[in-house]
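Kindly generate the complete structure, drawing on both the sequences and the hints.
Residue numbers (my numbering), protein chains in the order written: chain A, 77 to 416; chain B, 77 to 416; chain C, 77 to 416; chain D, 77 to 416.
Each statement offered as a hint is correct.
Copies of the same chain look alike in the list, so a pair counts if it fits in one copy or across any two.
Okay, derived cross-link-like pairs now, BS3-like style, lysine-lysine, Cα gap no bigger than 30 Å in a straight line:
| # | residue 1 | residue 2 |
| --- | --- | --- |
| 1 | K81 | K92 |
| 2 | K210 | K92 |
| 3 | K240 | K323 |
| 4 | K263 | K171 |
It is worth saying that the hints were derived from the structure and are not from the lab.
As the structure is a prediction and not an experimental result, all values here were calculated from the model.
There are 4 protein chains.
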Amino acid sequence: MKKIKFAVAGLGRIGKIHLDNLLQMPHAEVVAVTDPIEASLQYARDQGVSLTVATYEELLALPEVDAVIICTPTDTHANYAELAAKAGKHIFCEKPLDLDLNRVMNVLQVVEATNVKLMLGFNRRFDQEFKKVKNVVKSGQIGEPHLVKITSRDPGAPPVSYIKQSGGLFLDMTIHDFDMARFIVEKEVEEVYAKGAVLIDDAIGKAGDIDTAIVTLTYTDGTMAVIDNSREAAYGYDQRVEVFGSKGMVQGNNNLHDTHKLHNKDGIHGALPLHFFLERYAQAYKTEIQDFVDALTSNENVPVDGEDGLQSLRIGLAAKKSLMENRPVKISEINSEVTI
Amino acid sequence: MKKIKFAVAGLGRIGKIHLDNLLQMPHAEVVAVTDPIEASLQYARDQGVSLTVATYEELLALPEVDAVIICTPTDTHANYAELAAKAGKHIFCEKPLDLDLNRVMNVLQVVEATNVKLMLGFNRRFDQEFKKVKNVVKSGQIGEPHLVKITSRDPGAPPVSYIKQSGGLFLDMTIHDFDMARFIVEKEVEEVYAKGAVLIDDAIGKAGDIDTAIVTLTYTDGTMAVIDNSREAAYGYDQRVEVFGSKGMVQGNNNLHDTHKLHNKDGIHGALPLHFFLERYAQAYKTEIQDFVDALTSNENVPVDGEDGLQSLRIGLAAKKSLMENRPVKISEINSEVTI
Amino acid sequence: MKKIKFAVAGLGRIGKIHLDNLLQMPHAEVVAVTDPIEASLQYARDQGVSLTVATYEELLALPEVDAVIICTPTDTHANYAELAAKAGKHIFCEKPLDLDLNRVMNVLQVVEATNVKLMLGFNRRFDQEFKKVKNVVKSGQIGEPHLVKITSRDPGAPPVSYIKQSGGLFLDMTIHDFDMARFIVEKEVEEVYAKGAVLIDDAIGKAGDIDTAIVTLTYTDGTMAVIDNSREAAYGYDQRVEVFGSKGMVQGNNNLHDTHKLHNKDGIHGALPLHFFLERYAQAYKTEIQDFVDALTSNENVPVDGEDGLQSLRIGLAAKKSLMENRPVKISEINSEVTI
Amino acid sequence: MKKIKFAVAGLGRIGKIHLDNLLQMPHAEVVAVTDPIEASLQYARDQGVSLTVATYEELLALPEVDAVIICTPTDTHANYAELAAKAGKHIFCEKPLDLDLNRVMNVLQVVEATNVKLMLGFNRRFDQEFKKVKNVVKSGQIGEPHLVKITSRDPGAPPVSYIKQSGGLFLDMTIHDFDMARFIVEKEVEEVYAKGAVLIDDAIGKAGDIDTAIVTLTYTDGTMAVIDNSREAAYGYDQRVEVFGSKGMVQGNNNLHDTHKLHNKDGIHGALPLHFFLERYAQAYKTEIQDFVDALTSNENVPVDGEDGLQSLRIGLAAKKSLMENRPVKISEINSEVTI
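Dropping the structure here:
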């Protein structure tokens, strides 16, 4: 089978993960990478990548490149995706495509017009725990879903400098949960009510953001979901989901470091959850990029497309509006005129 | 030590539990009971109660009675409690005192004026799981509480005839969770946002009620709670709580029938939660009534008083209003003029 | 239905439990008790027992007594059971009947001749965890049993003075596990290999006993069991069983104080097992005595009879012999001539 | 850092795993492989191995080879290891070196004389669950170890043809547990008592082997271990360990497929253990070979050496003798004259 030829743009933490995973896949070949930092390029060379270029434009100019992996800073995503589409390259882009709804819709139009594939990096969809929960739901074992509960807590807040340009908790962190809410029961969200607070770090509040939230989602068929978020869980990364339905309930739980149980006079003690996303989703990242490779080799639809990104963004924007106005906000209120 | 002399009014399911528990307590004596059904009176006689009377008024007329246990239908609670207070009897009354805020406030005024003790039957406060969680929170082991999550699902919906006069899901079922939300972190609720749906039985909807709900509470200090409810969990009574704070998180889980784990080719299987409140809270009912007896013998404050009932009712009324108007409602909006 | 009239001999810790439980049973009546200590007799009077007598003989002389509960010191059991049988009283006797095999066989002959019922207090058979495991095994859900694993560890060693007259670890403590091994799979033991050591307290070794043991049992059909014992588990009473069979495996686990899970930076922490037998088997004691009452009122066989006691004793004696001679010992080697 | 140059002999299931893992290690290079099957050689070529040779001798003749990985059939291990040692190559050899004690001792003498490193493939030592348990024990958190319990059950018996040449259950399967017993508490075994039965498949019995066993080990300091084995667990690979000590107890449990819990009317259901050693020990195989590479690059001792293999073999031979003679057997009885 023909190998797909990839170029990777951006070799930060997540770019390196995608690069390493691609290098292990029999039907993928990484023909070039770009990154402004020489050490990152050297990293790629050490892994056996022969061509390292200085600019994204040079990558796109390589005729042998079939697809680009965009792991550059968020504010370049829309532009780079658009350029790639126009260059006829398939695109895997880290989320979000952009924080501006109009911009995203423009990019999607270009992608559609150029007929390339665009996949967005909602990595949690590829996590075995969530996939298992989704499959149990889909199999009908819990009957009709009535309630979805998503817990998503980070082990620690990012720097305030990051938070300032992140789009805020809902577009930076909860957006994964909004996507999960749609994915896990395959329903569309109609209304959002968001409640948030600054309980961890006042500096986050001063930067105009919140660090703790409870968001209620109502699906178009009246079923409901609730998400709880915190930027800082003392015990590590907390990623759980529960779906309750007419015939039962299914939970996906955290992956712990190990299974040990220590019994002593103080109680029974066990290991913590895997510390953060790099550990918890290590396998999910592999599966994600493998699924992208497979979609290209088989010319099938990608598992997470631009529409998925658009919907999550709409929910996120609705959540922001809900928080500011302290009222439930319909997704239909969020359109191209909305500026937040 | 002097025994407290009790009279029990109403020998339905819950009245019999209180009677049985009182009969086992060294400092309590049941001197009389009343119930309209002869079989119930016979039950009491079989347990060794010597005096059974036809009316509540006859109970109150007995000079030796120190305290009454009111387990009669909800619409008699306010009136019976008032009469008991005027007769100088201490009162243990099943919740709610009344569904009308004005009426409750009137009763509490009478109780205060007559100086008798009034305890309300929020039995879950006496459950060992919730007490343990509360104690862990109170000890500071999770730091400052940020988020409270309460799951409360019944194994099956009551008859629609019951639902019609119940005050609705929020005043009948969620009111326990509103009390739990206040109890578990010792904070007052300031605002409520309630979302509900009819997902189990259309007849419930036709009766003007909902069967599934997600309720977000905001405490006065900005911390938040979320409650999820269902009238019908296929796997039985689901009663869990989770408190997340700055230094950690603590969960109280369901009590299962037993600890067995069966491993076979299909998976690992274990027992269901205890089926319903009679099983799950059997010990809590004992502790509850014991605490009432103790408060009387030691002349201390009762652990759940009229004010607790009033606050839960206010939250419940706010939740109803929130559901109807689809907006967050402040508790301060709920005053004596509100009629729902 | 006619009430069975009981007399309780011995009001130590376990005697009081049986007394309290009998007093709550509708078909049982405690007509008299005896104990050498006045405070114990007063305890019984406080519970409403009207007749307290000075000697066991006086108890037996009461014509209205249908059955005696023997909770006196072990060295009186055989004699008291024999006397009761001759007086035509049914007998519930705490284990063991005697440590001497001949003596036990003599008593059983007397009991058989007098046609009274004799039940032995192997309380663990009535524990809900073990009953559940047994029922799963019996239902065929694990297929043919191949391996039985019993863990039985006490939270602390008794005083050496007690150990000296206890018959040793195997007859005092493991004998419950020998009975469990027979009960859980309804098979008879054919051979025993016992390995023991003094790892907790040298004083136990000086008293001629061991404090830690692993005992392998072979059933007559070739299936096997293994028991591990310790006199001192730092984390409390450890009482587990596991049965492995051709179609699966089933485990019964410890009952914990509560279900709480505390997550903090050090790990996930939960409650300890219930501390000791009084806590773990509180409900089992009730069921046990209820089953005895039921056997008498319905004139059915008792659930644990003299033969069960005899078999456990034989296994215990074989274990002692095995330990001393460091070789597997057949149960058939243990007969009336054996003196240990 | 200089890369170590490896040759892999034997590309069966386990050989391929080692090859794949070596190819991902920065300090390892696979310069050649051998296998009698062309498809296996092609597999290696597809992974990028440039040199494939027809015989083991050709491998050894390559001067650039630093170390060989021996994954050929068991009956070649001793000979191949000896040849490698004489050729001055370091050796990683799958267990067992040989089933004959004399032969093993001869090989070890050759290895010692030639001063090459020899590591044996006791892969379970590198499993994160067992390492964690060992570390907890080593840290003193459970005090002095008193009892070790090892459960080791395969998901299905191998073909009888395999069993016939395997050396029997104790040398083929339990030998891993004997090594674990030594590893987990760092104590030497002094005595073995083995009990076994044919409960799964009569054909295994006809082949002169057993399929189910309980083995009691006594360490030189009097502490004890017990191992239970079955060739066929309906629920998959069961690999657990428990160490009980003076201050507490620690357990290592099975790794499950996922964390999902399905609650329905029949109970609470979860996933099975990972199916067999390839799944359970996937990471352990990586760590194992990485540790071998590290020992070579740093010129340190290997973590599992020839002496470890010798001791496990001695325990296994003692277990066989114990089973046949139905008596405890001292390890000291097992010397070069023993033929089983």
